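Peer 1: Chain by chain, the residues:
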Amino acid sequence: MPPAPQSAPQKPLARLPWKNLLFGAALPVAAMLAAFLLGAVVLLALRVNPFTAYASIFSGVFGSLSGFTQSLVKATPLLLVGLGICIAFRASMINIGAEGQIILGALGATAWSLAFRDLPGWLLLPGALVASFLAGALWGFVPGLLKARFRVNEILSTVMMNAIALQLMNLLIRGPLIDPAGVAAGTYLAQSERLPESVWLLRLIPQTLLHTGSLLAVGLAVVVYIFLWRTTIGFRIRAVGLNPDAARYAGINVPGYQALSLTLAGGFAGLAGAVEVMGVHHRLLEGITSGYGFSGIVAALFGGLHPLGLIPAAWLFGSLLVGADKMQRAVQVPSALIDTLLGLVVLFVVGSAYLSRQWAARREIALSKQGKESEG
Amino acid sequence: MTLPEPKQKHIQRIEMRDIVKRFPGVVANNKVNLQINAGEVHALLGENGAGKSTLMRQLYGLYRPDEGQILVNDKPQVFHSPADAILAGIGMIHQHFMLVPTLSVAENVALGLQSSHEPLLDLQNVSQRIEKLSQAYGLKVEPDAYIWQLSVGEQQRVEIIKALYRGAGIIILDEPTAVLTPQEVNDLFVTLKRMTSEGHGLVFISHKLHEVMAISDQVTVLRDGQSMGTRPAKGVTRDEMVKMMVGREVKPLAPQPVQTGEVCLQISGLRAAGDRETEALRGVDLNVHAGEILGVAGVSGNGQRELAQCLAGLRKVTGGRILLNGQDITQASLQERMAAGQSYIPEERMRDGAIREFSVQENLFLRDHAASAFTNGIFLHFARMAARTREVIQQYSIKAPSAETPIKNLSGGNIQKLIMARELSRQPKALIAAQPTRGVDIGATEYIHQRLLEQRANGTAILLISEDLDEIRTLSDRVAVMYEGQMMGILSRDEASVETIGLMMAGVAAT
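Here the protein sequences come in this chain order: G and S.
Going by our numbering, the first residue of the first sequence is number 102, and it counts up by one from there.
Going by our numbering, the first residue of the second sequence is number 5, and it counts up by one from there.
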């Protein structure tokens with residue numbers, strides 16, 4: 102064996118990650134443009150000028166302070182849910198249960214805030230966040246345990262947990278948690294009492310909904326990044342996700358870390374629920390999830406299942422939600438069209454992810470060839 | 005596909021001219037020329053990934069060449085599928101047999117062929133022809149036996165009969181000896197000689213030099229997709245062949261005897277179930293001393309894999325005990341075994357040993373990331389990990405562009421070196437090495453062998469499980485032969501001749 106040239110082959114590779122990153126970012130954007138192009142055809146069929154329609158999306162988000170802040174407000178739960186999806190996915194666990202976990206988180210935050218309303222704010226508010234995290238985590242832990250112990254498919258169990266969570270919320274906000282004011286007025290609205298002001302998340306800009314939850318979410322994205330790539334637990338979660346056999350051989354408790362990843366995913370979705378209750382509505386009401394549990398999955402995919410990639414991805418989806426809403430009002434298209442448009446985006450993004458994997462595989466072969474040649 | 009009732013095709017010669025086959029980013033065959041003549045065994049020699057199988061797959065119609073021509077009896081032919089190749093008189097015996105286990109020999113042979121009484125089967129007719137072929141070529145086969153009842157050697161004979169039945173004039177054998185005992189190899193060679201004397205041309209794909217020298221008339225060596233030339237086998241020495249294969253000289257190892265110490269790894273009455281609920285280990289007794297390499301030989305599937313997994317802690321032990329320096333580790337976890345001083349090189353390198361997407365560094369710390377030197381319990385200590393990785397890359401001459409390169413970009417040999425580095429740098433007291441050089445090129449094999457011998461000199465007890473008899477015989481101080489979940493016996497270095505080991509591998513006790 103001749104002594105290995107250690108430095109020579111470094112050149113072609115050193116440049117590559119940047120190219121990869123750029124490529125990784127360009128692809129979803131291209132996919133989105135393609136979706137809009139196809140959406141334009143649908144708009145034309147409805148005799149709507151696509152330029153006006155798309156312009157209304159753009160101006161809906163960037164045309165006013167309230168539109169812009171709204172996009173951030175909607176991005177916040179998407180980001181939090183997406184972080185959880187991302188952790189689970191890194192362990193190769195598919196969490197479809199974010200809807201239910203959001204509900205549990207919202208329930209946890211509400212119940213805590215109402216039960217301990219006399220506590221000082223500096224204790225009540227963090228306590229509510231912790232309660233929501235734990236409640237959501239519980240909803241992730243159950244499928245995690247089922248997976249670890251009985252190999253129950255987590256996709257099925259998390260979906261079922263959604264149904265349970267929904268009925269649990271329906272029960273509670275019509276029963277123990279129902280707003281006493283509604284009862285007194287005889288309306289019996291299915292919503293909770295208004296939360297004490299001390300747990301309201303601070304509004305960052307007056308007259309808008311933008312609240313500190315958004316900052317929390319961005320901060321947590323960084324935390325999750327560090328968690329996954331800098332800690333021993335994150336290392337093991339990634340090892341389990343990439344190759345459970347090798348992880349097992351390395352002495353890692355594979356089912357345990359799978360369960361842990363689902364539990365953490367639930368916790369983050371739970372926080373999303375808390376943010377909605379404490380930052381936006383200030384009470385628990387029906388439809389609290391707004392479908393964030395599902396669109397969060399899409400945002401996570403869009404962000405390349407990377408905590409930092411998720412930040413722009415979540416904001417993009419938040420903007421789409423706001424913009425689409427504005428477009429609907431501006432050009433009078435049926436709301437189903439908005440869903441179609443979002444669906445197209447999802448389709449193209451998923452399709453582009455497939456393409457990018459194929460291209461990556463090809464580049465890899467070329468690269469490994471280069472690598473092997475330079476060994477010679 | 006249904007093919008008509010075949011007749012023996014007379015192929016005088018097949019020529020492959022300037023064959024080029026590219027895969028994304030790789031030129032698997034680059035202007036390769038090959039001429040196969042009737043009545044000859046033509047050996048195709050080369051390391052893993054040299055392009056032997058790719059070349060033959062093009063001849064058998066599984067791939068289409070990007071450039072170049074295939075001429076059968078001087079006439080250009082294009083094979084769109086194996087059916088075309090079979091019609092032209094080409095047969096292939098794959099490394100993994102293409103037989104249906106629940107069907108009989110005759111049914112397997114008739115599979116895909118047109119019957120003389122369509123739509124009814126004519127198995128009797130088929131059986132008669134099989135018997136004729138089996139007599140003519142000395143291939144003992146029972147037409148009514150079911151495939152699942154047959155040994156690997158017998159199944160291989162069925163594959164050969166299948167090819168002959170289809171009238172193959174030229175037959176490609178892809179590493180046919182890999183699954184056989186030495187005696188079965190001898191039987192196979194007798195058959196092959198018989199076939200060439202009947203006018204068949206054979207292509208013998210192999211990387212085992214002594215077999216190539218024993219059987220072939222012509223040798224073509226491939227290296228990195230290119231032909232290094234064709235020579236008559238009689239005129240080439242072993243060293244010349246190695247040089248053609250590897251591109252440089254490789255000296256054979258001559259391990260010096262070392263002083264062996266106390267018993268380190270003590271295995272007594274070990275029992276475990278296999279994957280199919282049958283008992284894979286039926287009371288294994290072995291003692292491995294410090295400073296000794298104990299080789300475990302055996303035909304694949306006699307419990308070697310399960311033995312390695314039990315020792316590693318990956319398979320449940322149902323009986324018996326494993327002691328490591330007196331400490332009972334029978335039920336210990338993987339981490340506990342590691343802490344007790346046992347290292348393990350797994351058989352399935354890419355499945356169990358490493359994570360493709362992880363970097364060199366991450367793979368290096370796959371098992372040791374929790375060690376106090378590299379973590380404070382929560383955060384990984386990257387600077388120290390990186391420093392250690394640089395050290396190890398240097399020390400084990402792992403050829404990687406950088407510590408951050410995902411290992412899927414490394415060659416098999418370098419990945420194995422990385423795994424060796426991880427397992428050896430722990431200074432283990434006992435090392436289980438399962439098939440450490442399988443699928444690894446000659447250069448890396450040589451390196452891995454040297455490292456194993458070094459470790460032996462350092463006083464590690466090494467259990468070497470391998471299906472490569474040469475490897476076992478070169479490295480081992482003692483050889484244990486495994487048969488049907490038990491040790492047939494343990495031989496000293498001097499007793500461990502190929503013949504003796506071969507007999508024991510076939511279940512015949514040493515006398």
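No lab work stands behind these hints, which were simulated from the structure alone.
No experiment lies behind these values; they were computed from the predicted model shown.
Incorrect hints may have been included.
Said to hold, decoys possible - Simulated restraints on C-beta separations:
id : chain 1 : residue 1 : chain 2 : residue 2 : range
1  : G       : Phe-251   : S       : Gly-443   : 52 to 62 Å
2  : S       : Arg-394   : G       : Ser-391   : 25 to 35 Å
3  : G       : Val-130   : S       : Glu-281   : 48 to 58 Å
4  : S       : Gly-273   : G       : Gln-459   : 33 to 43 Å
5  : S       : Leu-124   : G       : Ala-146   : 32 to 42 Å
6  : S       : Gly-443   : G       : Ala-127   : 33 to 43 Å
7  : G       : Ile-195   : S       : Arg-394   : 35 to 45 Å
8  : S       : Glu-408   : G       : Phe-251   : 32 to 42 Å
9  : G       : Glu-387   : S       : Val-104   : 34 to 44 Å
10 : S       : Arg-355   : G       : Ile-306   : 32 to 42 Å
11 : S       : Glu-340   : G       : Phe-251   : 18 to 28 Å
12 : G       : Ala-127   : S       : Phe-27    : 22 to 32 Å
13 : S       : Gly-330   : G       : Phe-217   : 39 to 49 Å
As the list claims (entries may be wrong) - Some chain S residues well away from chain G (every beta-carbon gap over 10 Å; in silico):
id : residue
14 : Asp-22
15 : Pro-105
16 : Pro-123
17 : Arg-133
18 : Gln-187
19 : Glu-352
20 : Asp-356
21 : Phe-369
22 : Thr-379
23 : Glu-488
24 : Asp-498
Note that CB positions come from ideal geometry on N, CA and C, so glycine has one too.
Peer 1: Would you mind marking each hint as holding or not holding in the structure?
Peer 2: Cross-check of the supplied hints:
Against the hinted window of 52 to 62 Å, the Cβ-Cβ separation of Phe-251 of chain G and Gly-443 of chain S comes to about 37 Å, which falls outside the hint. The given range of 25 to 35 Å is broken by Arg-394 of chain S and Ser-391 of chain G, whose C-beta atoms sit roughly 50 Å from each other. Judged by the Cβ atoms, the range 48 to 58 Å given for Val-130 of chain G and Glu-281 of chain S holds: they are separated by roughly 54 Å. For Gly-273 of chain S paired with Gln-459 of chain G, a C-beta distance near 52 Å fails the hint of 33 to 43 Å.
Between Leu-124 of chain S and Ala-146 of chain G the beta carbons are some 59 Å apart, a value that contradicts the proposed interval 32 to 42 Å. Between Gly-443 of chain S and Ala-127 of chain G the Cβ separation comes to about 38 Å, which falls inside the hinted range of 33 to 43 Å. Checked against the hint of 35 to 45 Å, the C-beta distance between Ile-195 of chain G and Arg-394 of chain S comes to roughly 38 Å, which is consistent with it. For Glu-408 of chain S paired with Phe-251 of chain G, a C-beta distance near 39 Å keeps the hint of 32 to 42 Å intact.
Our hint of 34 to 44 Å for Glu-387 of chain G and Val-104 of chain S is violated, since their Cβ atoms are close to 59 Å apart. At roughly 54 Å, the beta-carbon separation of Arg-355 of chain S and Ile-306 of chain G lies outside the given 32 to 42 Å, and the hint is violated. For Glu-340 of chain S paired with Phe-251 of chain G, a C-beta distance near 26 Å keeps the hint of 18 to 28 Å intact. With their beta carbons about 27 Å apart, Ala-127 of chain G and Phe-27 of chain S fall inside the hinted range of 22 to 32 Å.
Checking the proposed 39 to 49 Å range against Gly-330 of chain S and Phe-217 of chain G shows it is violated: the Cβ atoms sit about 58 Å from each other. The non-interface label for Asp-22 of chain S is consistent with chain G: the shortest C-beta to C-beta separation is roughly 21 Å, beyond 10 Å. The non-interface label for Pro-105 of chain S is consistent with chain G: the shortest C-beta to C-beta separation is roughly 26 Å, beyond 10 Å. Here Pro-123 of chain S stays apart from chain G, with its beta-carbon at least about 43 Å from theirs, past the 10 Å limit.
Against chain G, the non-interface label of Arg-133 of chain S holds: every CB pair exceeds 10 Å, the least being about 45 Å. The non-interface label for Gln-187 of chain S is consistent with chain G: the shortest C-beta to C-beta separation is roughly 35 Å, beyond 10 Å. For Glu-352 of chain S, the non-interface assignment is contradicted: its Cβ lies about 8 Å from the closest Cβ of chain G, within the 10 Å cut-off. Some Cβ of chain G comes within 10 Å of the Cβ of Asp-356 of chain S; the nearest lies about 4 Å off, and the non-interface call is violated.
Under the 10 Å C-beta cut-off, the non-interface status given to Phe-369 of chain S relative to chain G is violated; the minimum distance is some 8 Å. Look at Thr-379 of chain S: its CB is around 5 Å from the nearest CB on chain G, not clear of 10 Å, so calling it non-interface is violated. With a minimum CB-CB distance of about 26 Å to chain G, Glu-488 of chain S clears the 10 Å threshold, and the non-interface call stands. The non-interface label for Asp-498 of chain S is consistent with chain G: the shortest C-beta to C-beta separation is roughly 30 Å, beyond 10 Å.
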